[in-house]
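Chains as they are written, first to last, in the numbering used here: chain Z, 51 to 678; chain R, 26 to 360.
Just so you know, the hints here were simulated from the structure itself, not pulled from any lab data.
Below, a sample of chain R positions facing chain Z; criterion: calculated Cβ distance under 7 Å:
| hint | residue |
| --- | --- |
| 1 | Asp58 |
| 2 | Glu160 |
| 3 | Phe163 |
| 4 | Ser200 |
| 5 | Ala201 |
| 6 | Ala207 |
| 7 | Val208 |
| 8 | Pro212 |
| 9 | Phe215 |
| 10 | Ser219 |
| 11 | Phe227 |
The beta carbon of each residue, even a glycine, is placed where N, CA and C say it ideally should be.
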Amino acid sequence: MQGAVVTEKLGEILVREGWITGEQRDWATGVQEKTGCRLGAILIATGLVRRTAVYRLLARTWECDYVDLADTSLDLSLLDGLDPQVLGEEGWLPFRRNGDHIHVATSERPTAERRKLIEDRLGARAELVVTTDWDILQSLHRAFRETVAEQSTMGLWRRDSLQSARQVLLTSQRVLLGLTLGALVAGVVLAPRATVTVASAVVSLAFLAAVLFKFVVCMVGARQEHRVQVGDAEVAALDPRELPTYTVLVPVYKEANVVADLIANLGALDYPREKLEILLLLEENDTETIEAARAARPPSTITFLIVPPGHPQTKPKACNVGLFFARGEFLVIYDAEDKPEPDQLKKAVIAFRRGGDRLVCVQAALNYWNAADNWLTRMFTVEYSFWFDYMLPGLDRLRLPIPLGGTSNHFRTRGLRMLGGWDPFNVTEDADLGIRAAALGRTVGVINSTTYEEANRAAGNWVRQRSRWIKGYMQTLLVHLRRPGTLVRTAGVRQTAAFALLVGGTPMTFLFTPPLYALFAASLLLPPSVLAGLFPGWVLWVSLFNLLVGNCLMIYVSMMGAFKRHNYALVLWALLNPVYWLLHSAAAYKALWQLVTKPHYWEKTVHGLSHAAHQIPDAPGAAPTLAG
Amino acid sequence: MALGVWANVRGFESSSHRMFAAQAAAVRAGGPDLAGIGAAYPPLPTLLAGLVPGGSLGLSVVASLFAGCTLHLVWEQLVRRDVPTLLIGCLLLPLFAVPAVAYAASQSVAGIVLLSMLAVAVHGFVRFTVNRDTEAGFLTGLALAAAFTVDPIAIFYALALGTATWFLTQERLPSATRATVAVIVFPTAFAVLSWTFLEWRFTGGVFGTLVANPDVFAFRTGAFGAAATTVGASLLHVPLFVAVAVVFAVRRPLALVGYLTVVPASVVAVWIGLRYTPVTAYVLFTLVALLSVPRAPGRHTGVALGVVALVQLLLAWVWTPTSPGFADWLAAVTG
Numbered sequence: 051m052q053g054a055v056v057t058e059k060l061g062e063i064l065v066r067e068g069w070i071t072g073e074q075r076d077w078a079t080g081v082q083e084k085t086g087c088r089l090g091a092i093l094i095a096t097g098l099v100r101r102t103a104v105y106r107l108l109a110r111t112w113e114c115d116y117v118d119l120a121d122t123s124l125d126l127s128l129l130d131g132l133d134p135q136v137l138g139e140e141g142w143l144p145f146r147r148n149g150d151h152i153h154v155a156t157s158e159r160p161t162a163e164r165r166k167l168i169e170d171r172l173g174a175r176a177e178l179v180v181t182t183d184w185d186i187l188q189s190l191h192r193a194f195r196e197t198v199a200e201q202s203t204m205g206l207w208r209r210d211s212l213q214s215a216r217q218v219l220l221t222s223q224r225v226l227l228g229l230t231l232g233a234l235v236a237g238v239v240l241a242p243r244a245t246v247t248v249a250s251a252v253v254s255l256a257f258l259a260a261v262l263f264k265f266v267v268c269m270v271g272a273r274q275e276h277r278v279q280v281g282d283a284e285v286a287a288l289d290p291r292e293l294p295t296y297t298v299l300v301p302v303y304k305e306a307n308v309v310a311d312l313i314a315n316l317g318a319l320d321y322p323r324e325k326l327e328i329l330l331l332l333e334e335n336d337t338e339t340i341e342a343a344r345a346a347r348p349p350s351t352i353t354f355l356i357v358p359p360g361h362p363q364t365k366p367k368a369c370n371v372g373l374f375f376a377r378g379e380f381l382v383i384y385d386a387e388d389k390p391e392p393d394q395l396k397k398a399v400i401a402f403r404r405g406g407d408r409l410v411c412v413q414a415a416l417n418y419w420n421a422a423d424n425w426l427t428r429m430f431t432v433e434y435s436f437w438f439d440y441m442l443p444g445l446d447r448l449r450l451p452i453p454l455g456g457t458s459n460h461f462r463t464r465g466l467r468m469l470g471g472w473d474p475f476n477v478t479e480d481a482d483l484g485i486r487a488a489a490l491g492r493t494v495g496v497i498n499s500t501t502y503e504e505a506n507r508a509a510g511n512w513v514r515q516r517s518r519w520i521k522g523y524m525q526t527l528l529v530h531l532r533r534p535g536t537l538v539r540t541a542g543v544r545q546t547a548a549f550a551l552l553v554g555g556t557p558m559t560f561l562f563t564p565p566l567y568a569l570f571a572a573s574l575l576l577p578p579s580v581l582a583g584l585f586p587g588w589v590l591w592v593s594l595f596n597l598l599v600g601n602c603l604m605i606y607v608s609m610m611g612a613f614k615r616h617n618y619a620l621v622l623w624a625l626l627n628p629v630y631w632l633l634h635s636a637a638a639y640k641a642l643w644q645l646v647t648k649p650h651y652w653e654k655t656v657h658g659l660s661h662a663a664h665q666i667p668d669a670p671g672a673a674p675t676l677a678g
Numbered sequence: 026m027a028l029g030v031w032a033n034v035r036g037f038e039s040s041s042h043r044m045f046a047a048q049a050a051a052v053r054a055g056g057p058d059l060a061g062i063g064a065a066y067p068p069l070p071t072l073l074a075g076l077v078p079g080g081s082l083g084l085s086v087v088a089s090l091f092a093g094c095t096l097h098l099v100w101e102q103l104v105r106r107d108v109p110t111l112l113i114g115c116l117l118l119p120l121f122a123v124p125a126v127a128y129a130a131s132q133s134v135a136g137i138v139l140l141s142m143l144a145v146a147v148h149g150f151v152r153f154t155v156n157r158d159t160e161a162g163f164l165t166g167l168a169l170a171a172a173f174t175v176d177p178i179a180i181f182y183a184l185a186l187g188t189a190t191w192f193l194t195q196e197r198l199p200s201a202t203r204a205t206v207a208v209i210v211f212p213t214a215f216a217v218l219s220w221t222f223l224e225w226r227f228t229g230g231v232f233g234t235l236v237a238n239p240d241v242f243a244f245r246t247g248a249f250g251a252a253a254t255t256v257g258a259s260l261l262h263v264p265l266f267v268a269v270a271v272v273f274a275v276r277r278p279l280a281l282v283g284y285l286t287v288v289p290a291s292v293v294a295v296w297i298g299l300r301y302t303p304v305t306a307y308v309l310f311t312l313v314a315l316l317s318v319p320r321a322p323g324r325h326t327g328v329a330l331g332v333v334a335l336v337q338l339l340l341a342w343v344w345t346p347t348s349p350g351f352a353d354w355l356a357a358v359t360g
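Sequences and hints are given; from them, build the entire structure.
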C-alpha cells in the first residue's frame, strides 16, 4: 500500500501534468477514503489515466527506471526454481542479468525490505525497475507458458488420477460393466420374461426413487422461500475498505458477438472497480474473438489471458489458466452473456465470511432474460426456476452435495486450488467440482442472487448443450463411484445416496423416458390380460404410479418454480414438460454415444442468438469522465 | 387408538372400514390384469385396507395414528404462530376431548384423512393467495389431490378454492390469476383424470363405486336449500369457526373470503349427495379454524378465542354432533 505522502504527490503530479483535473483528483481521493484502495488503482480502474502513465509517474516518484516488459526479452534461466504464482502475488519478475546484478521489474514500491526479500529469493543482488502489474502478469504468462499449459491440463490428473475424467473407465469398472451387460444378454436369451420383469422392476423403482428424491428436496427448498441468505441491510452495511480483491474469470470462445455486452454487464457490478480483477480467457486460435475483444476497448480492469492451445480444448482448462494467475481472495466464473445482479459479489463475500473455512463455494441462482423468445426458451426458464429456486436451496438446507451450475459459482481461491481446480477432461466440470468438494469434506452453499443468461432458442443448439451436460454427469458419476467406500467415509451415506440419485438419476431418467413412453403407448393398444401376462401385477402398479404420480409431481414443481419467479405466463407451459423431456432424452442418447466415441469433446453452445432486448442494470457509482 | 381397540373388543365394526376391506378383497380378486381397479375407489383407504393387517381394527389404528399426526400439526402451527401455551391448550380441547372427534379419529380412516387434508388445503390457500407463499401453494394443491384419493368431495373444494382465487389474487394480471388457479387445481385435476383413465383402461367404466351409490348426483328437488340449511345448522356446533371468521373480518377482510370458501363448498357437496354429517362438519370447521388462528393474538383476542373454545367443548358434550355410526359406536364404548 502506498503511503499517504506518495499518494498525495501522485495526485498532484497528475493534475499538474494535465492527466486529470482537480475535481477528478478530489473525487478519486474521496473514493480512496471510502474503499481504502490506492489512488493509482482507482484512476486506472475508472479509465481516467492510463496504466502506463500512472506507473511511469510512480517510477519517477520512486526514483527508479521504468521498463516496458512487453517489448523486453526475458532471460528464462532466471526463473528456474521460482514459483510463478508467488511472483504474481508479490508483483515482481527478474528479466535480465547484468554482471553480478539481476534486473528485476516490480509493480510495487521498491523499498529496502522489498529489495531484501527479492535478493533473498534470487540469491543475487537485484536492481529494481518499475513496470505495471499488467506487464508482470503478461510476462509471467509468456515465461511460464509451458508450465501453465501443463498445470491447467494435467494438474488434477497428476495429483490424483482417480479424481480425473481423463480415463473414462477404470479396468475394474470395465469388468463390472461387461459382467452386467453379459448377465443381461444371457438373461434375455435364457429367460426373457423373467429378465424383462426384473429389468422393468429395477428401472421402475430407480425412477420412482429419483422422482421422489427430487420432489422431497424441492419441498424442503420451498420451505426456504422466506429465508434470505444475505439481506440487503447486510450488503449496505459492508465497509468497502474491508472488501477483498475479487477475481472474475470469463472464458470466451467463438463469441465475438457478445464481447461488447459482456463488458457492459460486468461494468454494472456493484463492487469497487479497483478491487476487481477481471480475466478474459481467450483461446489462442480464436483470433476472431480476440480481435473483437480488442476492438471493444475494454476498461483497464479487464485483462486478456490467452489460453495455450492443446487437447483438451475445454472451458475448464481455460478456467484453470485463469486460476493459475488469479490474485483475488475470492473468484467467480461468468459466461460471456451473463448479467449478474449488481450486488452478487458482495453477497458472496458475506456468505463466505459467515460460512467458515469449510465453505469453499457459493452458487448464485441462474435464470433467463429471454424466456419469451419461443417455447424452448420458456421451457428452459421453467426448468431453471425449479432447479435453482427449489432444488439447490433444498440440497443446501439438507446439507447434500450440490452440483454447481455452469456459471456464477463463487470460490475461495485458496480453497479452489486446494481442491485441484477444474477437471479439464470433464465436460460438466462445475457439477464435478461441487461433488469433489463434498468428497473432500468441503461444503457448497447458495446465495439469494440471480445471474441472468441467454436461454438457448434453437433446438439443435439446445441438444448440443444438454448432451454435454448429461455426458458430464455420466463422467462425474463414473469418477466419483470409483472409490465408493471413500466417498461414503468422507461425504457421508446420505450425501453419497443423494449424489447417486441426482447425478446418476438424471441421465438414467432421460435415457429410460422413451422406452417407458413406448411401453405406455403399447399398453394402450394391448388388452389388460396380455399386459398381465407380461408383467406381474405389482410391477404394473409401480409403473403406473411412476407414470402418473411421477409426471404430476415433476410438472407441478416446474409450475411452482415459474410461479415463485413471478413468471406467471410460464406456469401453464410446465404442462408441456413430458414433450420437453423427450428432447432431454435425445440429448441423453447423444451424450451416451459421445461418452463412448469422444468423451472429452466439448459441444460448444452458440450464444447471442436471441433477439430479445437486453435489460442491463445501471452501473452504480459512476466516475467522472476522462479529462480532455 | 385405545377407544378404537376398545370399541372393537366390544364388537363394534366401522361400516366404512368394512366397506374398504370388501373393496380391497375385490381388487385382489380382480387378478393381475388389474380388473379389480373398478372396485378400488377411493384408492387410498382401499390400499390401506389391503396392506394393513387386522382388518377393521387395523384401519382404526391407522386412523388414530393419522389423527395424532394431525393434532401434532395443529399444535405445531399454533406454537409457530406464537399463540400462548394456555390458549393452545384451550383451543385444542374441542379437537381431542370430544366424543364425535374420537369417533371420526378411530372409526373413519377416510374421514379423518379427508378432513385433515381439506383443513391443510384451506389453511394453505389463504397463505398462498394472500401472502404469495409458494410452499403453501404446494401444500394446498397436493392436499386437495390427496383428499381426492379418499373422497370425491375434494373436487368441489378444489373448484371452490379455485373460484375464490379470482377474488383474492393480489396481482391483477390475468396471467397471475390463471397461474394461481392452476397451482391450486392442477394436482386434483391430474388425479381425477389419472383415476378416470385407469378405471376406463382396465374396466371400461368410470367411477363404478360412485355410480353405484344411489344418493350421489341425485339432485333432489329443493335439495340445495336443504343442503344450505344442513351446513348452516352444523356451524352452530362450531362457534370457534365463527369467532375466527370475525377475527379475519376485522384484521384481514380479504383473507376472510378464502377462509369461508369451505362453507359453500360443503353446501355443494351436500347438495350433490356426497358424504357429509354433523361430525364431518364439526371436525372440518374446527380444524380450519385452529389452523387459521391469527399470529400472536393480543390479550383480548386470546381470551375471547379461549372462552369460545371452552364453550364449543361444553356444547360438544351437551349437544353432540352425530352421524349414522356414531350412536352405535358410543353405545359400544360406553355400554
